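Asks: This is what each chain is made of:
6 protein chains.
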Amino acid sequence: MEDMENWLAKANVLIEALPYIQRFHGKTIVVKYGGSAMVDHDLKKNVIRDVALLKLVGFRPIIVHGGGKEITKWMKKVDIESEFYKGLRITDKPSMEIVEMVLNKINKGLVSMMEKVGVRAVGISGKDGSVLKVDKKLVGDKDIGYVGEIKEVNTELLNTLLDNDFVPVICPIGSDDGFYSYNINADDAACAIAAAVGAAKLAFLTDVEGVYADPLDKSTLISELSVKEAEELLGSGNIGGGMLPKIHNCVDAIKSGVSRVHILDGRIEHCLLLEFFTNRGIGTAIIGDEEERYYEKNV
Amino acid sequence: MEDMENWLAKANVLIEALPYIQRFHGKTIVVKYGGSAMVDHDLKKNVIRDVALLKLVGFRPIIVHGGGKEITKWMKKVDIESEFYKGLRITDKPSMEIVEMVLNKINKGLVSMMEKVGVRAVGISGKDGSVLKVDKKLVGDKDIGYVGEIKEVNTELLNTLLDNDFVPVICPIGSDDGFYSYNINADDAACAIAAAVGAAKLAFLTDVEGVYADPLDKSTLISELSVKEAEELLGSGNIGGGMLPKIHNCVDAIKSGVSRVHILDGRIEHCLLLEFFTNRGIGTAIIGDEEERYYEKNV
Amino acid sequence: MEDMENWLAKANVLIEALPYIQRFHGKTIVVKYGGSAMVDHDLKKNVIRDVALLKLVGFRPIIVHGGGKEITKWMKKVDIESEFYKGLRITDKPSMEIVEMVLNKINKGLVSMMEKVGVRAVGISGKDGSVLKVDKKLVGDKDIGYVGEIKEVNTELLNTLLDNDFVPVICPIGSDDGFYSYNINADDAACAIAAAVGAAKLAFLTDVEGVYADPLDKSTLISELSVKEAEELLGSGNIGGGMLPKIHNCVDAIKSGVSRVHILDGRIEHCLLLEFFTNRGIGTAIIGDEEERYYEKNV
Amino acid sequence: MEDMENWLAKANVLIEALPYIQRFHGKTIVVKYGGSAMVDHDLKKNVIRDVALLKLVGFRPIIVHGGGKEITKWMKKVDIESEFYKGLRITDKPSMEIVEMVLNKINKGLVSMMEKVGVRAVGISGKDGSVLKVDKKLVGDKDIGYVGEIKEVNTELLNTLLDNDFVPVICPIGSDDGFYSYNINADDAACAIAAAVGAAKLAFLTDVEGVYADPLDKSTLISELSVKEAEELLGSGNIGGGMLPKIHNCVDAIKSGVSRVHILDGRIEHCLLLEFFTNRGIGTAIIGDEEERYYEKNV
Amino acid sequence: MEDMENWLAKANVLIEALPYIQRFHGKTIVVKYGGSAMVDHDLKKNVIRDVALLKLVGFRPIIVHGGGKEITKWMKKVDIESEFYKGLRITDKPSMEIVEMVLNKINKGLVSMMEKVGVRAVGISGKDGSVLKVDKKLVGDKDIGYVGEIKEVNTELLNTLLDNDFVPVICPIGSDDGFYSYNINADDAACAIAAAVGAAKLAFLTDVEGVYADPLDKSTLISELSVKEAEELLGSGNIGGGMLPKIHNCVDAIKSGVSRVHILDGRIEHCLLLEFFTNRGIGTAIIGDEEERYYEKNV
Amino acid sequence: MEDMENWLAKANVLIEALPYIQRFHGKTIVVKYGGSAMVDHDLKKNVIRDVALLKLVGFRPIIVHGGGKEITKWMKKVDIESEFYKGLRITDKPSMEIVEMVLNKINKGLVSMMEKVGVRAVGISGKDGSVLKVDKKLVGDKDIGYVGEIKEVNTELLNTLLDNDFVPVICPIGSDDGFYSYNINADDAACAIAAAVGAAKLAFLTDVEGVYADPLDKSTLISELSVKEAEELLGSGNIGGGMLPKIHNCVDAIKSGVSRVHILDGRIEHCLLLEFFTNRGIGTAIIGDEEERYYEKNV
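These protein sequences, in sequence, are chains L, V, Y, U, X and D.
Start counting the first sequence at 1; every next residue gets the next number (the UniProt record's numbering).
Start counting the second sequence at 1; every next residue gets the next number (the UniProt record's numbering).
Start counting the third sequence at 1; every next residue gets the next number (the UniProt record's numbering).
Start counting the fourth sequence at 1; every next residue gets the next number (the UniProt record's numbering).
Start counting the fifth sequence at 1; every next residue gets the next number (the UniProt record's numbering).
Start counting the sixth sequence at 1; every next residue gets the next number (the UniProt record's numbering).
Looking at chain L on its own, in the form it has when it is part of the complex (with noise of 0.2 Å):
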């Protein structure tokens, strides 16, 4: 009897997804997929299976991924050395090719983890099917080498892998009108993809908790935002290093019609699980003024 228990909870948990399926059947959302997520094989595992779900209970799961401390990584083993400028890597020709076989490995790893769990996906950059057009990325003075800067994304490709059950998988490499490779910041992309797609949501797995009201009281995680208290809070002096131009790339996202941003804890087992289909707020979402607030802030 105890385990007819057990079973019962089990079903409640399922009904209780019921009205998160409903809100996004057939919505596209994209999952900016990094950090500690990609590096331990568990949390890994546990990420390919939550999208293969979002996939099979009906939503449009696109994947954008990057691959940092694998670059650096190899880029030792072949005698190159990382130079950064402004917290940019100065990415010359030779510094290029590593980066794009980085990705592209990476990438195709991922893709055969989602194969592997039933779910159909692709493995693609930016520059097939021209996905990701940039122009170099100009830091003042500073020739930091293909560094890009997205000036358009064309979406007929994603469109025709999504309508056709394929989730793709986006390693962030563009090319400009020469059509030469260059890097691009995965967080960039994700949101310009985003935008070009009109997703309904947007999910950033970092390795923090969330956003905090002050970043040094860890009682101070936000759970909801809107774009106008995100833009008071940027004005504040109050959001430190890495997180900065992360929100700002969620202001802009939801000004580009994306509905919701979030920003996960990605070291969170299930994280875009309890995301989507609960009524946990983890980590932060920013939304639009006007757009309904989920929950209370957990202060």
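The set of hints was computed from the structure by calculation and includes no laboratory data.
Bear in mind that the values here come from a model prediction, so they are computed numbers and not experimental data.
Hints may be right or wrong, so weigh each one.
No copy labels: a pair is met if it fits in one copy or bridges any two.
[What the hints assert, rightly or not] With a Cα cut of at most 20 Å, we get these calculated SDA-like pairs of lysine to any residue:
no., residue 1, residue 2
1, 151, 234
2, 86, 195
3, 69, 94
4, 77, 97
5, 69, 15
6, 228, 180
7, 142, 207
8, 116, 20
9, 116, 149
10, 27, 58
11, 133, 74
12, 116, 12
13, 45, 15
14, 116, 177
Mind docking chains V, Y, U, X and D on chain L? Use the hints.
Replies: Structure of chains V, Y, U, X and D alone, referenced to chain L:
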């Protein structure tokens, strides 16, 4: 933290459902809805939400329902005495009128419950689109009135509804060549429809635990029966009253191309979800002789 | 030779229908079916065959029907007293149950008659596919129970059926936001549906000859009324009881985009065919102010 | 009141047509148009309107026409003497030029008449879309010039036009493998086309009443002939001149899959409507041996 | 080895065509076919094969043709004197009959030539599918008979044919509201059709080299003219006889949305290919004022 | 005038291509890209533009490529020694990683080149959409690591891309049932893919002139070989090293339904165009025994 473990458990339930969702994605399944699950208000709500979930994760459910007790209640209300012959209701014209009114009432009630949980449903009888064509049932020399035997299932309306994302909710009334209305056994209707649409699964919600090898010994519940084993059991004389025609029906359905037929205990909450999304064998499954077995016998 | 002349006359009737068939080919038309035409067996058969013909020559008919007398008959059968307030049936829960059962009975009966003449039909209420969403009707302070006012018509199911060659037969029951059932005035339902599907024509089968300029003088039957003229007539105080809301309905329908609304005398055999396929003006047509007139006034 | 009876009679004519409309709805029918019905202005207008009606009530008509008398008239105009061998026009290059010009003139004239009554039509010869491919007809040793025997019907263009709601109007000219133009017997063309498109009916408009058991006795007109009976009649020696090849054609058409072939008297007004929409057997029908018979012999 | 160089040269020609093929892929182009290219047998064969190639590499060509000299020849044959008024043929009923017969003869001849090179073609006049609707052309008080001015182009038939991979071959005959046939200037027809289908290019095959800045000086051939320049030229008084209306036509076509109009010298072999697939400017192009220029003036 | 002759010659080259374009219009063709044509920059650009032209004139090309020399270069860069066993690279995990990175690098490079000439391309490996499923290759008792033998080609992704106008560019990596990556011989991959998609043609770009009857005598190059002749040649002992498996592959491909397989000399500029668009036989064609022969043997 306790809280987090709880959430994680929930996520794992969803993940466990993954292979089951994949197996039946896009497949048509027929649920014969009857017994206690149609009377008890909570069970009823559960069945509806279970079917909604099946629909949302990509299955194509069809509901076929009966209305036994409700019919008898209304017969009394309008002072018609219920007469039976060999277990079949003798259905003269006035009785048939009541039968049809009551079944349609139940039918549209189920539709409203489906719509309430956000699933689009359409309530039809076998007269709509001539879905169920019958001959008058002959029981020796005895005229038992408007009781029909299905001779043809016209799937056009069913496919139109399924292909356009509606859940057909069907009450077992058909018409003969003169387009008179006939009462049909709901189990028969479910079987004929499952066979005609090429259902992957047919599930009977009943008021028993399943099939017993020895009906007097509750510990002999059988989890899985091949057609061959089912036919041996039918021959053994060990199968009693109501279960006999049901097993015959199951065997017929399998032979007409349905992959798996399940006799479920509708008194168990969410028995449909347990059956479809977990590896817990509840009730009894009848399967083709070459079909792969999922469960070990419980004995 | 006489015989041949006879046949020739028949051929000429068909040829005369040609321009009328062309005018409405592929157009959706709504027939509000009620009054004597629903009671008299021969008239009933004629209406059904007329609608079948409309379907076959390329129109897309929708039938909306009521059930007044039959409801009262069944109320008596189960000992519920019919109470009215300002002409509206006070509909408590037990009454609503009977209303729904009787309307569905009539509904499926019409479906069978359509199928019998070879036209595919589906009987639905406004609860199926949430076709009719209502608010509770307010009549001053008086609570008249489950009587609804249409607030939204969901055309998805209607279009699915029409596009797949089925004739929708609709009984005027809708559901509110809590998915409770409500009785709706059939004329209102026909109007709202005609407006929502963009019908080219809406025809009311009634028990009157049409609209009279002077109700006391049968020689003042009006063949055609522009919306402006209809509104003047409504203001004149010359229009009596049952006709008043019907003309209001007609005017609303025209304003919502229906091209022509007809008040036909359902007691005339084949009045639908006469209206659709000949240049004989029977009954009264309400038309947009700029609509071309077909008939001269009969006065 | 008299007036009303008159209208009622008209309605009944339409209702009588109902089963005939149903039987051929969506079916392709071929009308071989020729004889007096092509010369007399009123008959011509009637044929056109009859075909328009067939189209509007859901049939898919194809017209195949000849041009006998008109060709001879133009031959004279340009001083070419018409020569015949065994009933076939000897068609040298200059003759063929005239034949083609005259047939196209008639062809486009029929198209205009169809368009005038509101039906979309396209005039083609067998050269367009290579609909009719021929071999040179051999008559013993005699070279009779550009007279062709059909070896292949290419239905692509026909289906494109039918599927897009155009009525194909076809003149019997084909091309050989060298793409030279050839004159084809119009009856042969109609038969070959009817067989190739799988027509449900093929109707010949002729200048005779039909087939007589005894050609000398007008009272022996035959209403219906099975293929077997037709072949017996052909063997009997009782069938004279022009009728012989026509009956051969009919039998061939039935054997190639056409359901019914009709030899109609094109001199009777609206003979097509009488044939398609009433139970009056005019002319003679050749039907498959197992086809159900509609008419009793008139004898 | 010499041989190999030769083949390589050939491959390079194909490769040079690449950007031109890309530019017009899937675009509709109209070729007005007339002049010497319709008389000389070899030029004729070349035009047909050129159009076939355009079709095969993914363009959607439409041919519009005239028939000037052939008409005059046949007029004589049947002893009708050709009369002209202000350059327009006075077209009484008998003349119109000849005009139509001759144009249809040419029309079907071109179809056969297209079919011979393996391209599916359909020969139509503006009467088919009511493609060209006209008003009677008025020239002051003078009645010049059945000469029409286009008032409407119905593109349904054209699109049906193009979408189903047929090349429409069109002769310039239209019908008025009474469905009488009218002769239309072929240049006008080509322009109106190009504008109606939104052609990317309209090419006139003529018997001149192109437009000259000074008609007396052959060295002043103009390669490219903007609409503005063309209008200045028209105002200059330097443009003579036949060229004047043609340039007016070109300007009108551009203003109606055609991107580029070309006046080509049909006496040059494969002038269509040279124009479409190479960067050699032959003849004169009229282009929109903001259109990019391809050629330098040849002067 | 000289100039004009030159242009005319160009036009004639295009016209000569006409029948070749027609023959393969809409057909799928597979190009195995390898050897010198992948190393020499000019040859590379030519191959890309040739494939672009094939795409634009209506063929559906698929590119399959290898990466031999580049892999060896990168192995050295990361200090992995290349080991071979019976001509097969022994591929341990670290080697496989390099193989995959290099092949993907080449793959995406080809995609960029295709996109640069205006053709939409997508670079995939056999892991994407599980296009290539493999078993571990067994070479007697020797474990040669991640070297795979194709057991199944899943064409869904390929057809999705082809049907949506993308050129698939495929590198020969597949996954086994455990979804580990395996290196596949590129010739094998090209053959299996050509067979699976029902290619009309499979062309190998190689570094040899073709097949010689006597490898020592360059004058014995064979233009065309039936399967039967190819098998005799294989039996003759006259075929050496690298050519042996290639001919086996060709024969297998033909037997699996590919119509023609070509061994081309990739060192000849535009060899693909010469093969596809001219009647010059370059290299050796293997064809089905009943296939029509195009070339005479060169001997």
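Asks: At most 20 Å between CA atoms: does that hold for residue 27 and residue 58 within a copy, between copies, both, or neither?
Replies: Answer is both: 8 Å inside a copy and 14 Å across each meet the 20 Å cutoff.
Asks: Under a CA distance limit of 20 Å, which applies to residue 86 and residue 195: within one copy, between copies, both, or neither?
Replies: neither (27 Å within a copy, 53 Å between copies)
Asks: Regarding residue 133 and residue 74, is the shortest C-alpha distance of 20 Å or less found within a copy, between copies, in both, or in neither?
Replies: Answer is neither: 26 Å inside a copy and 29 Å across each miss the 20 Å cutoff.
Asks: Should residue 69 paired with residue 94 be assigned to within, between, both, or neither, using CA atoms and 20 Å as the limit?
Replies: Both, since 17 Å and 18 Å are each at most 20 Å.
Asks: From the Cα coordinates, with 20 Å as the cut-off, is the pair residue 116 and residue 12 best called within, between, both, or neither?
Replies: between (28 Å within a copy, 18 Å between copies)
Asks: Quick one: residue 69 to residue 15, C-alpha cut-off 20 Å, is that within a copy, between copies, both, or neither?
Replies: neither (40 Å within a copy, 29 Å between copies)
Asks: Is the C-alpha distance from residue 45 to residue 15 at most 20 Å within one copy, between copies, in both cases, or in neither?
Replies: between (24 Å within a copy, 11 Å between copies)
Asks: Quick one: residue 116 to residue 20, C-alpha cut-off 20 Å, is that within a copy, between copies, both, or neither?
Replies: Close across copies (15 Å), not inside one copy (26 Å); limit 20 Å.
Asks: Within, between, both or neither: how does the pair residue 142, residue 207 come out at a Cα-Cα threshold of 20 Å?
Replies: For residue 142 and residue 207, the Cα distance exceeds 20 Å both inside one copy (30 Å) and across copies (45 Å).
Asks: Is the C-alpha distance from residue 116 to residue 177 at most 20 Å within one copy, between copies, in both cases, or in neither?
Replies: between (37 Å within a copy, 8 Å between copies)
Asks: Under a CA distance limit of 20 Å, which applies to residue 151 and residue 234: within one copy, between copies, both, or neither?
Replies: neither (24 Å within a copy, 44 Å between copies)
Asks: Evaluate residue 116 and residue 149 at a C-alpha cut-off of 20 Å and name the case that applies: within, between, both or neither.
Replies: Between copies only: 19 Å across, 34 Å inside.
The structure shown violates the earlier hints numbered 1, 2, 5, 6, 7 and 11.
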